[in-house]
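K.L.:
The chain contents come next:
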Amino acid sequence: MSQDQGRDGGRRLSSARVLDVDPLLDDPETRIVVCCGSGGVGKTTTAAALGLRAAERGRRVVVLTIDPARRLAQSMGIDSLDNTPRRVKDVDGDGELHAMMLDMKRTFDEIVEAHADRERAAAILNNPFYQSLSAGFAGTQEYMAMEKLGQLRAQHDWDLIVVDTPPSRSALDFLDAPKRLGSFLDGKLIRLLTAPAKLGGRAGMKFLNVGMSMMTGTLGKLLGGQLLKDIQTFIAAMDTTFGGFRTRADATYKLLQAPGTAFLVVAAPERDALREAAYFVERLAAEDMPLAGLVLNRVHGSGAARLSAERALAAAENLEESRIVDQVGGKAGLRNSPDTYGSSESSGTGSPGSRAAARDEGSPAATDDERPADKRPDDEPSVDRLTAGLLRLHADRMRLLSREQRTRDRFTARHPEVAVAEVAALPGDVHDLAGLRDIGNRLAAGRPELPETTV
Amino acid sequence: MSRLQVVSGKGGTGKTTVAAALALALATEGKRTLLVEVEGRQGIAQLFETETLPYEERKIAVAPGGGEVYALAIDPELALLDYLQMFYKLGGAGRALKKLGAIDFATTVAPGLRDVLLTGKACEAVRRKDKSGRFVYDYVVMDAPPTGRITRFLNVNDEVAGLAKIGPIHNQAQAVMRVLKSPETEVHLVTLLEEMPVQETADGIAELRAARLPVGRIIVNMVRPEVLDAAELDLVRAVPRTAVAQSLSAAGLGGARRGGNAGKLVDPLLAQAEEYAARYALEHDQRAVLGTLDLPLHELPLLAEGMDLAGLYELATELRKQGMS
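Protein sequence lines, in the order shown, are assigned to chains A and B.
Taking the working numbering, the leading residue of the first sequence gets 1, the next gets one more, and so forth.
Taking the working numbering, the leading residue of the second sequence gets 1, the next gets one more, and so forth.
Think of the hints as simulated: they come from the structure by calculation, not from any bench.
Accuracy of the hints is not assured; some may be wrong.
[What the hints assert, rightly or not] Simulated pairs of lysine to any residue, SDA-like, Cα-Cα distance not exceeding 20 Å:
no., chain 1, residue 1, chain 2, residue 2
1, B, K165, A, G150
2, B, K165, A, F129
3, A, K89, A, R403
4, B, K129, B, P183
5, A, K254, A, E282
6, A, K229, A, A123
7, B, K181, B, P214
8, A, K229, B, I166
9, B, K181, B, Y280
10, A, K105, B, R149
11, B, K165, A, N127
12, B, K165, A, L228
13, B, K165, A, Q232
14, A, K105, B, L113
15, A, K105, B, E159
One chain only, chain B, in its complex shape (with noise of 0.2 Å):
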C-alpha cells in the first residue's frame, strides 16, 4: 500500500467512514497512521467519539495488536502561519499579513490557495522524520473533498506552480506534486450501488487518470445484505397470494383467509419484495459498470444498527480482511 492514502467520493456515500476505517486497518502491528481531515467539518470527532478536534496531531484511537491512528483536523488559516514559518521563516510578517486579511483571503476567499495548504500540510506528514531517520507516520490517509472537486484539489499544485514561476512557493508546489503523482500516492473512490455516484466515480477516474494521478481501488460502501436471491425473485412474481398467505399463517401471524390478518400481510409484504427487486437489478447493472473500470473492488456492508465506534472497527476488520492493508 502507497504510504500516501487519499479517499474521495461523492456526498452522501460515507467517505470519511471510510477513511477511518482504513487510517484503523492500516494501522496493524505497531504500525502508526495519521487520519488527515481537510474539510473542517469534525466528521472525525464525531466517528470516533471524541471532542472537537484542534488543529495538532493528536492520538484518538488504538487499533487491534498495538497501532495508533493520529488524526489531524487542519484548520487552514494555522496551517498557513505554520506553512509561512516552517518552510519560509516568516513568523512576524505571517503576523501583519493576518492583521491585513491576507490570511483570511488565501483560506476563505481564495480556496485554490486553501487546496494548496491542505495538500502540503498532507504530504509534509508523509515525508516527515523522526530523529532516527524513520518515517513519523506509516501511512497518512486523507479524508478528502468529494469526486467532482478531488482532482483540481489534487492538481491544484500545478497551478500554482504555473503562477508563481520562479521563488519558494513555486520549489514547494513542485515538491508536492512529485508525491502526489507518485506511486506514493494513491486515490480511493467511495462509491454506492446507486446510479449517480456510480456515474461520477467513472466520470472521476477518468478525470484523475487524465491528470496523471494515481488512481487506488473502488471502495462500494453500505452494501445491503442480500435477502432474497434471484431464484426467490422469480417466485415473488410467479407464487400465489394464497400460498404465501398460508405460509405466513403457519408461522403464526394470523388467519390467512381474505381479510385476515395473514392475508393482510401479503400485498404489503410482496410490494416490499418488487422494490427489493427493482434495486436488487439496479444494484446487479451498477456492480457491472464498476467492475469495467478496472480496478480493484472492494464492498463494505451496511450497518444494521447505523454507524458507530463498534460498526467502524467492524469496517476496518473487513477492509484488512480483503487485503486493504
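Isolated chain A, as found in the complex (with noise of 0.2 Å):
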C-alpha cells in the first residue's frame, strides 16, 4: 500500500488488498453477511458495528448473533435479547437496526410447532429425549442458526441480515453440522430407528438385515429401553413431520453460496486466530462460498514507527545510566502487585524493557555505585525517568508490531487474494453505539490511522 512505502519498522509489507467495508454494506444485492473465525477474536462485536453501520447508512438491518456478552447486549441498549428481532434505539439516519439472539430451543420449537399439527407437536415437545436434544446438543446450535437465518430471509423484512457464528469448537463446526444433521435424519440409523415404532411387528421384517436384531438388542442394551423407546417414538414424530429436513438443509446451504451472501473471517494478528482464519478461508473456497475478506481486529499501531525498538532502548538505557545513582533498587519495590501471587517480572521472561531494566539494576556497576538515598525519592519520578519509561514502552510497542506484522504476513503469503480490513486496538470494551460506532469508522478506514513522524 502506497501510504505504507518508506515507513520504517514493522508496517511496510502490507501486500494484500485492503477491505473496503462499504461498498460491501451498501450494495442493495448484498442481503446476508456471516461473520465467522475463532473464539475470542471479537467476532460478535464486529457484526453488531458492521449492522449499525449499514443501518446507520441507510439500510433496515437484522443482527443475528449467537451468544453475545451481556455488555454487547447493553451497548445496543438492549438488556437481554431473545429471539425475535428488537429495534435498536438512537440510531441515526433513515436505516434500521434490529438485533436478536438466537434461542436454539425456541426456534426447534417454533420449527416443531409449524410443521406438526398441535397433539403430534405436543408429543413431541414433551419427549425428554427432544427436550435434551433442543437445548442442549451443540450441533444443534449450527443447525438452529442456519434455520433462523433462513426464516429471517425469507420474510422479506430485511435488506440485510448480519449473522454471528457460533461459539465452535472450530470455526469450520457451523458450515458442517446443517449437512450432518441432514445426512442424519435421511440416513439409514434414522430408518433403522424409526422402523419398529412405524411399521412394527412383521412389516418392520423386510427392512431388517442380520444385523438388524444384533442392533436393537445392542441399543436396547446400552441406552435402557426406556431411552431407546423415547428415541424411536422422538424419531418417529420428527420423520413424518420434518419430511423436508434434508431438503431445508440443502436450501441453507445453498443460500449461503448464493450471490448476495457475504463471508466476513475474523481474526485477531495472532498466530491460531490466523491459522484459523487460513483454514476457514480454504474451506469457503473448497464449498463455493463467497469470501468478502478478512477483518483483522486488534491491530496496534505506532505514531512514532520509524523509532525502532533497539534505538529506544539504547536511549532508554542512556537516560537511566546518566542517572543511575539515584535509581539503584527503586523500581523493583514499586513494580510489584501485592494483590496476587506473581508478579509479572519475577520470571524474567517480561518484556525486552524489564529484561534490559532488570539486567542494569543487577549489573557490578549500578551495586558499586549505591549510595544512601540522599537524592530524589523513588515516588517522585524525574523527566528522565519518566522519558526513559516512554522509550520502553515504545520499544514494548514496536516488537509488538513486528510480530503482529509477522503473523500477519505469513497468513497475506498464504492467501495474497483476500482483501484485509485492520481494526485499530481499543483500550477497552465497548459499551455504547458510540463504541460500536466508532468500531464501525475503524473498520471502514481499512487500517489504523497513525499519525505520520519522522525522525
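Mind docking these for me? Both chains are given alone in their own frames, and the hints should help you get the complex.
P.N.:
Okay, structure coming up:
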C-alpha cells in the first residue's frame, strides 16, 4: 500500500488488498453477511458494528447473534436479547437496526409447532429426548442458526442480515453441522430406529438385515429400554413432521453460496486465530462460498514507527545510566502487585524492556555506585525517568508491531487474494452505540489511522 | 492438588497454553501427568512442536527433575468404539453401529453424547491403575471447552443419567459424575485482564458453583509488564512537552526544538503513554473484580517473543513458583 511505503519498522510489507466494507454494506445486492472466526477475536462485536454501520447508511438491518456478552447487548441499549428481533434505538439516519439472539430451544420448538399438528407437536415437545436435544446439543445450535437465517431471509422484512456464528470448537463446525443433521435424518440409522415404531411387527422385518436384531439388542442394552423407546418415538414423530429436513438443510446451504451472501472471516493478529482464519478461507473456497475478506481486529500501530525498538531501548538506557545513582533498587519494589501470587517480572520473561531494567539493576556498575538515598525519593519520578519509561513502552510497542506483522505476513503469503480490513486496537471494551460506531469507522478506514512522524 | 485438573477459559485467553504449562509444572520429581485435549484442534501438538497427535497416550515432554508429560488428543469416534469395547464388550456391534451412521450421529450431531465420551475418557485415565495398584497418572490435566460451555460439558453425565434411567450407561454416567463432583477434581478458569473475559469468568464461576462442581483457581494469563507506575502516569499528564523533548534529545534522539527529531517524538510517545494509562486503569479495575470472586489468583506474564516451547517451560516454572504443583 502506497501509504506504507517508506515507513520504517513493522508496517511496510502489507501487500494484501484492502477490504472496503462500505461498498459491501451499501450494495442492495448484499443480503447476508456472515461473520466467522475462532473464539475471542471479537466476532460478535464486529457483527454488531457492521450492522450499525449498514443501518446508519440507510439499510434495514437485523443482526443475529448467537451468544453475545451481556455487555454487548447493553451497548445496543437492549437489556437482554431474545429470539425475536428488537429494534435498537438512537440509530442515526434513515435505516433501522434490529438485534436478536438465537434461542436454540425456542427456534427448534417453533419448527415443531409449524410443521406438526397440535397433538403431535405436544408429543414431541414433551419427549424427554427432544427436550435434551433441543436445549443442549451444540450441533443443533449450528443447525438452528442456519434455520433462523433461512427464516429471516424468507420474511423479506430485512435488506440485510448480519449473522454471527456460534462459538464452535472450531470455526468450521457451523458449515458442517446442517449437512450432518440433514444426512443423519435421511440416513440408515433413522430408518432403522423408526422402523419398529412406525411399522412394527412383520412389516418392519422387510427392512431388517442380519445385523438388525443384534442392533436393537445392542441399543436396548446400551441405552436402557425406556430411553430407546423415547428416542424411537421422538424420531418417528420428527420423521413424519420434518419430511423436508434434508431439503431445508440443502436450501440453507445453497443460500450461503448465493451471490447475495458475503462471508467475513474475523481474526486477531495472533498465530492461532490467523491459522484458523486461513483454514476457513480454504474451506470457503472449497465449498464455493463467497468470501468478502478478512477483518483483522486489535491491530496495533504507532505514531513513532520510525524509531526502532533497539534505538528506543538504547536511548532509555542512556537516560537511566546518567542518573543511575538514585535509581538503584527503586523500581523492583514499585512494580510488584501485592495482591497476587506472582509479579509478571519475577520470571524474567517480561518485555525486553523489563529484562533490560533487571540487567541494569543487577550490574556491578549499578551496585558499586550505590549510595544512601540522599537525592530524589523514588516515588517522585523525574522527567528523565519518565522519558526512559516512554521509550521502553515504545520499544515494547514496536516489538508487538513486528510480531503482529510477521503473523500477518504469513497469512498474506498463503492467501494474497484475500482483502483485509484492519481495526485498530481499543484500550477497553465497547459500552454503547458510540463505541460500536467507532469500531465501524475503524473498520471502514481499513487500517489503523496512524499519525505520521519522521525521525 | 486434585488429580483431575480441568482448565477452561474464554476463547482467546490461552487456556490450551495454560493447561500445557500446568501439566509440565505438575510433572515434577518423577511424577507423570496426562494432558488431554478434547476439542480436536491439535493445539497441544502445535505447542509442543510435535507432529499431529494420534488417538493414543504418547509421551511428549520431559519435565525438569525427570517427570513425564503424556498427551492424548481424544478422537470422539475412536473413543466411542473404545468405550463400547471397554465397558460394554461390544466390539462387533460397535462396527455395525458405525456402518449405520450411529457413531457419526453420536459424536457429531449430538455433541452431548460426545461430551459423555470425553469426560468419561478423562475420568477413566484418572482412575486407571497399573498392576501394582499404583495410579498410572499422578495428574490428569484437561484442556477443556470454553467457559461458556464448561458447566454443561462437565454436567452432561447428570443429564444422561436422567435420560437413561437404568442400564450400563446410567451407571457409567453416575460413576463419572462422582469423580467430577469430588475433591479429586478442580476446575480452573483462565482469563485476561479485560472486561469481557473477566465478566465471563465471574459468570462461569457462578454456574459451576450452582452445579456443585469444584472450582479451583483463577489464572490471569498474558499479564503485561508494568513499564510505567502510577506516579509516572500522573506525571505523563502534567509534564511540559519541552522537558520530555529535552530529555529525548539528551538521550541522543535528535533536536529538542519544535520540528526537531526528538521534538516530533514527544506527541506520539505521550499518546502511547495515555493508551497505556487507560489500559492500566482498566486492568486495575479488573483485578479488583477478580479479587471479589474469592478464589486463589495466579498471574502468568505475556511472553514478549510470543509463545514457543521455551516459553511454555517458563510458564511452567512460574506456576510452580506460585505454588501450583
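K.L.:
Please list, smallest to largest, the hint numbers that this structure does not respect.
P.N.:
1, 3, 9
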